[in-house]
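Q: Generate coordinates for the entire structure from the input sequences, incorporating the hints supplied.
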Amino acid sequence: MREKLRTPEGKKFLLCLVIVFLIAGSVISTVTFEGVEDQYNLPMENWPVSLFIMQGIWTFIYTIVFTILGSLPFGFYFLGPKDDRG
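Just so you know, we're using the working numbering here: the sequence shown kicks off at 386 and counts up by one.
Because the hints were derived from the structure by calculation, they are not lab data.
Quick caveat: nothing in here was measured; it's all calculated off a predicted structure.
For glycine and all other residues, C-beta sits at the position ideal for the given N, C-alpha and C.
There's no promise every hint is true.
[Claimed, not checked] For lysine to any residue, the following SDA-like pairs were computed, each having C-alpha atoms within a straight-line distance of at most 20 Å: (1) K397 <-> I408; (2) K389 <-> L400; (3) K389 <-> Q440; (4) K467 <-> L457; (5) K389 <-> L399; (6) K396 <-> G455; (7) K396 <-> F459; (8) K397 <-> Y462; (9) K389 <-> W443; (10) K389 <-> L457; (11) K396 <-> K467; (12) K396 <-> L407; (13) K389 <-> I408; (14) K397 <-> D468; (15) K396 <-> T444; (16) K397 <-> L464; (17) K397 <-> M386; (18) K467 <-> P393; (19) K389 <-> G465; (20) K397 <-> R387; (21) K467 <-> S456; (22) K467 <-> C401; (23) K397 <-> S456; (24) K396 <-> T452; (25) K397 <-> T452; (26) K467 <-> R391; (27) K397 <-> L454; (28) K467 <-> T392; (29) K396 <-> F406; (30) K389 <-> L464; (31) K396 <-> P433; (32) K467 <-> F406; (33) K397 <-> I446; (34) K396 <-> L457; (35) K396 <-> I446; (36) K397 <-> F445.
[Claimed, not checked] Have a look at the derived ranges for each label pair, beta carbon to beta carbon: (37) D423 <-> E388: 28 to 36 Å; (38) P433 <-> I453: 25 to 33 Å; (39) D468 <-> E422: 29 to 37 Å; (40) V412 <-> M439: 43 to 51 Å.
A: Below is the structure:
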């Protein structure tokens, strides 16, 4: 697998993976942190440190999951077979 990732197609896939991770992370963090503020009517300056840690962990978990799901089409496109058989 490492040999496949060192090819130009593999590097394009890794670039797409980073882009999907950044997009998913920014969207998920915005939704998660603003959602707590709106749902509980609790501004961030009143949050305890444990709430920041808990929301950060959930943001990281969801970002990883959506990165895996979002990068599957790019993996098939860049790392899949290159012949006409499909």
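Q: Work down the list of hints and note, for each, if the structure agrees.
A: Hints, one by one, checked against the model:
Taking the CA atoms of K397 and I408, the gap is about 17 Å. The hint holds against a cut of 20 Å. For the hint linking K389 to L400, the alpha-carbon distance of about 14 Å falls within 20 Å, and the restraint holds. The suggested pairing of K389 with Q440 is violated, with an alpha-carbon distance near 36 Å, which exceeds 20 Å. The hinted pair formed by K467 and L457 meets the criterion: a straight-line CA distance of about 17 Å does not exceed 20 Å.
Restraint check: the Cα-Cα separation between K389 and L399 comes to about 11 Å, which is no more than 20 Å; the hinted pair holds. The suggested pairing of K396 with G455 holds, with an alpha-carbon distance near 17 Å, which does not exceed 20 Å. With a C-alpha separation of about 11 Å, the suggested pairing of K396 with F459 holds against the 20 Å cut-off. For the suggested pair K397 and Y462, the alpha carbons sit about 10 Å apart, so the restraint of at most 20 Å is met.
Simply put, K389 and W443 have alpha-carbon atoms about 32 Å apart, too far for the 20 Å limit, and the pair is violated. The straight-line distance between the Cα atoms of K389 and L457 is roughly 16 Å, inside the 20 Å bound, and the hint therefore holds. This hinted pair checks out: K396 and K467 have alpha carbons roughly 16 Å apart, not beyond 20 Å. With a CA separation close to 17 Å, the supplied pair K396 and L407 stays within the 20 Å bound.
Restraint check: the Cα-Cα separation between K389 and I408 comes to about 25 Å, which exceeds 20 Å; the hinted pair is violated. For a cut-off of 20 Å, the pair hint linking K397 to D468 stands: about 19 Å separates their Cα positions. Our distance criterion of 20 Å between C-alpha atoms is broken by K396 and T444, whose separation comes to about 26 Å. For the proposed pair K397 and L464, the alpha carbon gap of about 10 Å is at most 20 Å, so the pair holds.
Distance check on the hinted pair: K397 and M386 sit about 15 Å apart at the alpha-carbon level, within 20 Å; holds. Taking the CA atoms of K467 and P393, the gap is about 14 Å. The hint holds against a cut of 20 Å. For the hint pairing K389 with G465, the CA-to-CA distance comes to about 10 Å; that is within 20 Å, so the pair holds. A distance of roughly 14 Å separates the Cα atoms of K397 and R387; the hinted pair therefore holds under the 20 Å criterion.
About 18 Å separates the Cα atoms of K467 and S456, which keeps this hinted pair within 20 Å; it holds. Distance hint between K467 and C401 is fulfilled; the C-alpha atoms sit about 19 Å from each other, no more than 20 Å. The straight-line distance between the Cα atoms of K397 and S456 is roughly 12 Å, inside the 20 Å bound, and the hint therefore holds. Restraint check for K396 and T452: satisfied, since their Cα atoms lie roughly 16 Å apart, inside the 20 Å limit.
Between K397 and T452, the direct Cα distance comes to roughly 15 Å. Compliance with the 20 Å bound is thereby established for this hinted pair. Of the supplied pair hints, the one linking K467 and R391 holds, its CA atoms being roughly 16 Å apart against a limit of 20 Å. Taking the CA atoms of K397 and L454, the gap is near 17 Å; set against the 20 Å cutoff, the hint holds. Between the alpha carbons of K467 and T392 the distance comes to roughly 13 Å, so the proposed pair stays at or under 20 Å and holds.
Restraint check for K396 and F406: the C-alpha separation of about 15 Å stays at or below 20 Å, so the hint holds. Taking the CA atoms of K389 and L464, the gap is about 7 Å. The hint holds against a cut of 20 Å. Distance check on the hinted pair: K396 and P433 sit about 41 Å apart at the alpha-carbon level, beyond 20 Å; violated. Note on K467 and F406: the hinted pairing is violated, with a Cα-Cα distance of about 26 Å set against a maximum of 20 Å.
A distance of roughly 24 Å separates the Cα atoms of K397 and I446; the hinted pair therefore is violated under the 20 Å criterion. Distance hint between K396 and L457 is fulfilled; the C-alpha atoms sit about 15 Å from each other, no more than 20 Å. Using a Cα cut-off of 20 Å, the hinted pair K396 and I446 is violated, with the two alpha carbons roughly 24 Å apart. Of the supplied pair hints, the one linking K397 and F445 is violated, its CA atoms being roughly 23 Å apart against a limit of 20 Å.
About 48 Å separates the C-beta atoms of D423 and E388, a value inconsistent with the hinted range of 28 to 36 Å. The beta-carbon spacing between P433 and I453, approximately 31 Å, falls within the hinted interval of 25 to 33 Å. Between D468 and E422, the C-beta spacing of about 52 Å breaks the proposed range 29 to 37 Å. Between V412 and M439 the beta carbons are some 19 Å apart, a value that contradicts the proposed interval 43 to 51 Å.
Violated hints for the displayed structure, listed by number in ascending order: 3, 9, 13, 15, 31, 32, 33, 35, 36, 37, 39 and 40.
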